[in-house]
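Colleague: Residues per chain are reported as follows:
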Amino acid sequence: GAGVSQSPSNKVTEKGKDVELRCDPISGHTALYWYRQSLGQGLEFLIYFQGNSAPDKSGLPSDRFSAERTGGSVSTLTIQRTQQEDSAVYLCASSLANRGINSPLHFGNGTRLTVT
Amino acid sequence: AQSVTQLGSHVSVSEGALVLLRCNYSSSVPPYLFWYVQYPNQGLQLLLKYTTGATLVKGINGFEAEFKKSETSFHLTKPSAHMSDAAEYFCAVKKQTGANNLFFGTGTRLTVIP
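Chains as they are written, first to last, in the numbering used here: chain W, 1 to 116; chain H, 117 to 230.
Calculated from the structure, these hints are not laboratory results. Glycine is no exception: its CB is placed at the ideal position from the N, C-alpha and C atoms. Do not rely on the hints blindly, as some may be mistaken.
Straight line, CA to CA, 20 angstroms or less: simulated SDA-like cross-link-like pairs of lysine to any residue [claimed, not checked]: (1) W:K57 / H:S119; (2) H:K174 / W:K11; (3) W:K11 / H:G159; (4) H:K211 / W:K11.
Label-pair restraints from in silico Cβ distances [stated by the list, open to error]: (5) H:I176 / W:P8: 27 to 33 angstroms; (6) W:S66 / H:G124: 46 to 52 angstroms; (7) H:T188 / W:L96: 24 to 30 angstroms.
Please model the complete structure; the sequences and the hints are all you need to start from.
Modeller: Here it is in structure tokens:
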């Protein structure tokens with residue numbers, strides 16, 4: 001079946017512009033995660049959605065970052081007033097999440113964001 | 117809090133040689149542990165995971181890892197490297213209870229020399 005789909009695959013934007021990154025999770029997966037992969041920094045957790053619960057936003061680096069998940073499916077990560085340090089690969093993952101029960105994360109191929 | 121340390125951002129091995137990628141974790145409670153692999157221009161794929169039970173876990177492509185609680189380690193090994201193993205490998209940890217989000221190490225890039 002279809003995996004996690006992210007769009008666009010590449011995005012180049014000018015400093016100060018807003019960008020929106022999209023994630024389509026695997027059908028039926030109730031949990032959705034955003035991570036940021038910067039050179040030499042590994043994967044940095046950003047935000048986590050689980051069903052209808054309030055999202056865990058503890059990883060968002062600043063108030064310029066926000067995310068929403070409409071209808072429990074598609075998610076959009078928005079970065080306002082982009083800065084050069086926002087340049088990274090933004091990865092989305094989904095899982096059949098039940099708290100306390102291991103459920104592997106399935107990752108998309110990511111969106112490579114370059115802020116010039 | 118959970119964290120993961122991967123020693124060595126780059127590891128090079130000859131084709132056919134042993135692969136050893138190191139991972140140490142810190143966690144206030146017994147964790148679940150994972151290894152993910154990222155091939156060039158692809159997303160992350162789960163290699164293997166430790167949850168409970170047998171401490172030596174086998175994954176895809178001939179990889180295995182051993183959970184050693186006394187050493188707080190979960191090193192990844194493969195007896196004989198293949199050219200197709202060249203990729204970036206990430207160790208990750210999560211708590212056994214609570215949210216399902218993972219905390220990743222900084223990754224180790226494996227190069228296989230022909």
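Colleague: Go through the numbered hints given earlier and state which of them the structure violates, listing their numbers in rising order.
Modeller: Result: hints 2, 4, 6 break, sorted rising.
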